[in-house]
Every structure is written in structure tokens, then in C-alpha cells.
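Q: Chain by chain, the residues:
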Amino acid sequence: MTPERLRRTMIFLNTQRAALVKDAFVYQPDCVIFDLEDAVAQREKDAARIQLYHTLKDLDYQGIERWVRINALDSDLFQEDIRAAVAGGAEGIRLPKTETAEDVQMVADLVDQAEVAFNRPVGTTMVMAALESPLAILNAYEIATSSPRLMGIALSAGDYTRTMHAKRTVKGLELFGARSQLLLAARAAGVMAFDTVYTDTDDPQGFIDEVKMIRDLGFDGKSCISPKQIGITHDIFTPDPKEVLHAQHVIQAVQANEAKGVGVLTVDGKMVDIAWVEGAKRTLKLAKAAGSYRGDLV
Amino acid sequence: MKNVLGRDIPAEFLTAGREVFQGQYYRDGYTYTKHAPRVNAQVKPGKDKLLPDIEAVVRATGLQDGMTISFHHHLRDGDYIVNMVMKVIHELGIKDLTVCASSLGKAHDYLVPCIEDGTVTNISTSGIRDEIGEAVSAGKLKNPAIIRSHGGRARAIEDGTVKIDVAFIGAATSDPYGNASGKGGKADTGVLSYMAGDAQYADKVVIITDTLVSSPNFPASIEGVDVDYVVQVDAIGDPHKIATGALRLTSDTRELLMAKNAAKCMYYSGFFKDGFSFQTGAGGPSLATTIFLKEFMDQANVKCGWAMGGITEPIVDLFKAGYIHNLLDDQAFDLASVASAHTDPKHFEISASQYANPFNKGAFVNQLDFVILGALEVDVDFNVNVVQGSNGLLQGAPGGHPDTAAGATVTIIVAPLIRSRIATVRTAVTSVTTPGESIDIVVTDYGVAVNPKRTDLLAAFKDTNIPLKSIETLRDLAYEYAGEPKDIEFEDQVVALVEYRDGTFIDAIKKPKWLN
Amino acid sequence: MQLKHKAIAGTLESSDAQIILAPNDGGLHIDLTSSVYEQYGTQIKQLLQQVCHRLNIENANIRVVDKGALDCTLKARLETAYFRAIDQKVDINWEALS
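Protein chains in written order, with the working numbering: chain A, 264 to 561; chain B, 72 to 587; chain C, 5 to 102.
It is possible that part of the hints are untrue.
[Stated by the list, open to error] Just a few of them, taken from the derived set where beta-carbon distance is under 10 Å, the chain B residues facing chain C:
id : residue
1  : 491
2  : 493
3  : 494
4  : 552
5  : 557
6  : 559
[What the hints assert, rightly or not] Here are the computed lysine-lysine pairs in the DSS-like style, where the Cα-Cα straight-line distance is at most 27 Å:
id : chain 1 : residue 1 : chain 2 : residue 2
7  : B       : 335       : A       : 505
8  : B       : 331       : A       : 491
9  : B       : 557       : A       : 320
10 : A       : 548       : B       : 331
11 : B       : 533       : A       : 505
12 : B       : 331       : A       : 551
13 : A       : 505       : B       : 331
14 : A       : 551       : B       : 540
15 : A       : 430       : A       : 491
16 : B       : 166       : B       : 213
17 : A       : 360       : C       : 93
Calculated directly from the structure, the hints in this document are not laboratory data.
For glycine and all other residues, C-beta sits at the position ideal for the given N, C-alpha and C.
All chains should be built: construct the whole structure from the sequences, respecting the hints.
A: Below, the structure written as C-alpha cells:
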């Protein structure tokens, strides 16, 4: 598993549509999610799955992480979805409508079997769980700690708001509890946390506001449904030059003082200690991904 | 005989001083005598030059077998003039004509039967598409079509390579004495730039309009002193099809991505300075570059001295917002640019010769800092094809491509790497329109390639986030995804010659075998 | 495996291909229409033949309308039509498809 990797954006691609999956890497998302679930018509599930397999096998996605959203566990499709995804060599599988830790474990077992069957190194395929119901949110920590394969947990707001009898609003107050709970669970479990999609692609300002909010809350990234959301999200997750400079100073100062055994020091007029290094490194990594930091401190 | 790009031009076409292409500035300093028309003096007083209909006017010009007639394409897909005039000529049984058009497309399909029965045996054009493109590709035209750039066409008319006997000029408005304009009337085209040379160099000049206005119709793009006859018809074109066609401001993320990278290349090039000049093509991604220019102009705190070319609404918007000081217009592409032409004092009409003719002494293309252009194909030597589809069919237009590319300090091509399954960047282009020495940067959705001879640009882009790749890498990526295309097989028959702007031949296009 | 009935897969969208697979009694017949026929027609036919060979499709009429699909899509559409024609939905031997 590579928890170090940036996953600011994960864009859903309808695997049924050949034109969409052939080269979505040009939009430079951190991850793509080949969707076999909601976007695919019921009678085209087989076609999408076979297209998925060949897309994974034949096309070079230029280092962009490839995830597959399988069909839900109450369907009769997800087992074959997992086999196709693993056989094709997907980096990860996103499980929709996860309710319990056992759901993840069942998927992980099937992934085990598929890895053996298709000669892939056992344990390399990651799993991500999408939480879409009140029960799932209450079980967030158990889900987040359910399997060594589990890379992160993601909120999926559509079903959640419906079952909560809530109304989906632009400000998103109705999701505040779920977002907080999911983040707490992810951080406590040491996995990543991803926010839900923003469905109104004609409202760029609403999208910008939401991404800023979830960045400030602490999410690692956002699920996207349109390529135009990718650049916006990356820009928002890119630290400003002042933050980058400060992060560099923190790391350099702490490194310089480590040898001397000094624990607490002052950088740019603020008290810092060794615990700040982790945050500073995260800042530099984000800046590096955006091209605004080219140094070698991370 | 092979030219400097290795393209074979059959010797039979290298007569009467015709040469093969030898480099973009080969004819710098070339000396020639300008062609002069034979003019019928109009001495007697009078207030109009009106004739009742097209047939009367064709008869009055004395049009005969073997002559050359000319048309423009300012009415774009809404043009009625070409078909209207050709029908009359066809019925009169005149044969063996040369049609010298500024561009030909789907509005001009009546030329196809004229080609098939020998009414038209030669074509010279800056664009060749749709049914006419297919007919010429199939070898139905008796002699090879000559494909010329806009600047090359103006040059050929002025240096006498083309001698126009009768110019048929559709004009939005005219007074009875032939002062004609692209402005006003029912089929407003804003400007008539491509006909300025035709009016001055043709032996006979005919104005066809649907809107007669009282004299003087000033400012006049075509002046009455050059005009023999005026004829009024019901309609010269369909106004709804004049302003549409190629143009739309894209919302496609992929095109926007390329456009942003093109604008970024301008910004970091070292030439993005106050008072800079630029031109963009009308294709989606090159047009979209203008969206990002404003942002980069703010960032660099610079303004644009002048923008040129086919003028479009996004350009007019920047002009009105004070980001561009002057517009030099040789073609108004949409309603906003038509409305602004002449009406806004700093929106100037220029002639095709002023725009791009390499043989005059002041073409504006020579002063361009940047041009953003499209491409059907680009090869690893940076040669560009905008005339011929990858299946061998004629389906494009050089327009001002070779002219602006040769003139501009920084020439940027913007094109998707793969269209459907067709690779844009490839080992060799099907035919060359613009030589690689004119091309500096190729922006694709898979990355940006800089011509290695532009070491200055490579250095300027080094520490930026422009996704640089070699042109060979782009070609390899295209082939990896699309598969390497099989070479198209051609017959020996040459169906079109691509004339470089200076009059040399840059390529000869043959009939694809599959068209048999 | 013997085709049980006629089956269709794919669409006529750009970058896709529509493939109709029908059983017959006498050999493999591929009828290809393609927007990129001049450049890729031969390659596409070869590819489809390879897929048929791997899947042991010996007696079939295959009608392909290609809109510039990449190889991976052409393979996927033919295989989809095949699995539909033999009514197989699960336990696909994925590794045998490449």
C-alpha cells in the first residue's frame, strides 16, 4: 500500500463509453475510477466489464492510479467485477454502499482469490469503501480498520441524504455530521478520507466553495464527475507560496537543530517543534504535485 | 524533382519558371513586375452601371471559353453567388474555365457538375472541402487544382501567375456605381478583404448585391473606380449560415486544457510584452486560447497592440475591454465581429495582400509575435498538413496558415494527438501545407513539443509546468494508442498541387487508389 | 464453443464499434465498415480474426461498423457479443482474453 501518494482527485468514468475510458489520463487526475455501477446500464454490465479488462490491460494510464467501482454486494455482478478488475491489474477496488466491516472483508477475500487465480502478487490490490448510509457512518471506524487492504473511506452523499431525510444543499450543512464522523474514523484508523461528488457541473463557484471547505476540514481529496473539476480541485489543494516557504523553513530548521538536540525552536516568528515536520512535508508534497515546489525536501 | 522537404513534384509542372519549394524565405528580395489589368474606360457621364440579371452581366463581360473567373468566400457556408453565377455560365455553354476562389466548400456544390462536364477545368483555391474536395480528389477536374494560401493567392494575382478575366464579387451593399461594402444589407459580412486584389487586377469587375444603397456607399471595400457592372439579385446569401460554421467557443475540457497550455507558451516565451501582436485560428482549441489570454495579460500586466486575422467574438470582447488596442480584420467570423468591423474606429479592414502577401513590402504577418493555428497532421519534422485528410481526401484549407507561420516570431500549433483513431502527430504528413521550419511549438492533449531549433523557447519553458515532450515521443504515444496507420496508396495522377506562398511547389497531391 | 444465437454489442458512437455476431455453417465471414478503413482496415480484420481464433469461433458472420475504436474496444465488443451469443455471464477466463 502507498498511503504517501496524493489522491486529491478521483474521477468517475463510465466504462460503458469507449470514448471516455480511452485516454482520460490527459486530464491529469490523481486517480481514475472506472465505474461499473451506477453509470452503466443494466444490460451493458457485461460489455463494460470486458471493456474495463482491456482498458486496464492494454492502455498505459501514464502512472495515474486506476480504481474500479464494482457493483454493490446486493447484486449478482460484483464477484465477476472483482475478477475482471484484478485480472486486469487495477490498483484498487472501490466498494459502493459499504455498511459493515464484514462487507469489506468479504470483498477482500474475493480479491485474495482473484489475485491467486490471475497470478497477481497477493495483497497488492487496494480497497476503498464508500459510505452511503447512516449505518455506514456509525460503523466508519470499524470499516476503516477492517482490512490491511483498505486504503481509505469515501463519503457518498446521494443515498446518505435520502436515508437521513435530509435535503442536499449548496452549503452542505446536512453532511456536516457525516463528514466529521468519517474524517475522525479515517484519521483514527490511519487511512485516507475522500469527499462526495459535487453533481452540479454548471455551478463552478459552488464547487469551489465546497472543495475549499473539505480541504479545510482535512479531507485528502474529492471524487469528481467532470474533468473540469480536476484542475479546480488541484488548484485549491495547492498551498500558497507563503505556506510553501514556511514549510521549507520548518523542515530545514528542524533538521538543522536535530543534531544539536534542540526540541523547540522559532521559525518565521512562530514556535515549532518536531511534530510540525509531518504537516510541512504534506504541504511540500502538495506543492510539488502542482509544480510550485521543485526542491528535494520531500 | 524533389524539393527541400523531399516531396516529389513531377517535372511536367515545373515549366515557365516554376520551381520547387526551397525554404520559407528563399524568395526574399525577389524582383518581379506587377500584372496590370486591361481596363475599359468609362468616359461618358452616368449614375449607374446596373444590368438586369446575372445572364446579362455574364454576356456583357464577354466571358469566353478558357477564361478565368474569381469568387470570394466571405459568405462562407451561406454563399449563393458561386452557384448562381455558375448555373448561368453552365447554361450558356461556356467551357474550360478557371475558377480562382478564395475558398470552396459546401455552399459551392454546383461546381461539381461543372467540373464533370468540362465547364470548369482548372481551380485555384485556398480551401477545398466537401463534395468539391471529393470530386477533385477523384481526379474529375481536368487539370490539377492549385491550392494557395490567402497570401499566396494575393501574390499570384499581383504577380500575374493568375490573370483574372472577370471577378464576380458578392457584396452586402453597393451603390449603383459600384462602391461596394461588406457592411449593411441582408447578408452582412463586415469586410471584403479577399476581393481587394481581384477588384484591382481583374479585367472586368462585377458587383452582385441584394441591397442597393444611395451613392456614395462609403467606406467602400471595393471602389466604384474599379467596377464595370452592378447587378441586383434577391439574395446573395443565407445570413444564418454566414456567421456559423467553424466557430464555437468550446466548453470541452480537453480543448480548454490545450488552449491553456498554448496561452502558457505565449506567456513564458519571452515575447509576451506590452504591445504584442497575435492571431488565432478559428478552430475550437486555438480560438479558446483567447479565453486564457486575458488572465495571462493581467498577470504580466501587458496589453496587446493588435490582433489580426479572422476576427471572432472573444477577440472583439477583449478589444472592447481594452486588452487589445487595434483589430486588423481580413474575415469577420461571427455576428459580433461583423457588427464591430468599421463601426469601432480601431477595427480596421485589411486586404488579403496587406494581411499575408509575401511579395509586397508590408504584409502584417511579418510583424506578428504569435500565431495559434490548427493542424490535421504534424510530422516529426514539424511539417503541417491542413489540406488533406489522413485518408487522402482533400478536405481542408491552408487559409493563412503558411503565411502567418512564416511571419510570426512564435508559431503554435494546437491539435488533439488522436482524433477518433487518426494520429495527428505522425512520422510523415500525407502532404505538406506549411514547412516544419515555420513551426515552433506543437500543443497536444498528451503534451507539448518545441521545435529543437528554438533553443530560446526550450530554455524559457524549462522551469515551467508546461508538459514538454519531444515530437518523436508524441508520435510514439499516438501510435501506441491508435496503432501505426497503414500508408495510403496513391495512383500516379496528380489531382492538386500545393503552392507555397512564394509560388514554389511544396507538394503534389495524388489520387488515392481507394477512390477507384 | 458453439454460438447459440445472434448477438450484438457496442454502439455507433465515435471511438466505439458495433458488432453483430451470428452463427452460420460455413466458416468465418467478417464484413467491416470503418471510418478509418483506409488506414486501419487490414489491421482491424487481423485483430478480429485473432480474437475469433482465441475464442474458437469458427463458423460465424461478423458485421462490424467501426467508428474509429481503439484495438482494446474492438476486442471488447467482439468478446461481449461472443459471451452474449453463448449465454455466458460469469466465470469468464479473463486471462484467455488478452
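Q: Work down the list of hints and note, for each, if the structure agrees.
A: Checked hints:
1. Among the interface hints, the one on residue 491 of chain B holds; its C-beta lies about 3 Å from the nearest C-beta in chain C, closer than the 10 Å criterion.
2. Annotation: interface hint on residue 493 of chain B holds; nearest CB of chain C at approximately 6 Å, less than 10 Å.
3. Hint status for residue 494 of chain B: holds, given a least beta-carbon distance of 9 Å to chain C, under 10 Å.
4. Hint status for residue 552 of chain B relative to chain C: holds, with the closest Cβ pair at about 6 Å, below 10 Å.
5. Hint on residue 557 of chain B holds. Least Cβ distance to chain C is approximately 5 Å, under the 10 Å limit.
6. Of the supplied interface hints, the one on residue 559 of chain B holds, with its beta-carbon coming within about 6 Å of a beta-carbon of chain C, less than 10 Å.
7. As the CA atoms of residue 335 of chain B and residue 505 of chain A are separated by approximately 23 Å, the hinted pair is consistent with the 27 Å bound.
8. A C-alpha spacing of about 13 Å is found between residue 331 of chain B and residue 491 of chain A, which places the hinted pair at or below 27 Å, so the restraint holds.
9. With a CA separation close to 24 Å, the supplied pair residue 557 of chain B and residue 320 of chain A stays within the 27 Å bound.
10. Restraint check for residue 548 of chain A and residue 331 of chain B: satisfied, since their Cα atoms lie roughly 24 Å apart, inside the 27 Å limit.
11. For the hint linking residue 533 of chain B to residue 505 of chain A, the alpha-carbon distance of about 23 Å falls within 27 Å, and the restraint holds.
12. This hinted pair checks out: residue 331 of chain B and residue 551 of chain A have alpha carbons roughly 20 Å apart, not beyond 27 Å.
13. Distance check on the hinted pair: residue 505 of chain A and residue 331 of chain B sit about 25 Å apart at the alpha-carbon level, within 27 Å; holds.
14. Between residue 551 of chain A and residue 540 of chain B the CA atoms are separated by roughly 19 Å; this keeps the pair inside 27 Å, and the hint holds.
15. Straight-line distance between C-alpha atoms of residue 430 of chain A and residue 491 of chain A comes to about 26 Å, which keeps the hinted pair within the 27 Å bound.
16. Note on residue 166 of chain B and residue 213 of chain B: the hinted pairing holds, with a Cα-Cα distance of about 12 Å set against a maximum of 27 Å.
17. For the proposed pair residue 360 of chain A and residue 93 of chain C, the alpha carbon gap of about 23 Å is at most 27 Å, so the pair holds.
Going through the hint list in order, the structure satisfies each hint without exception.
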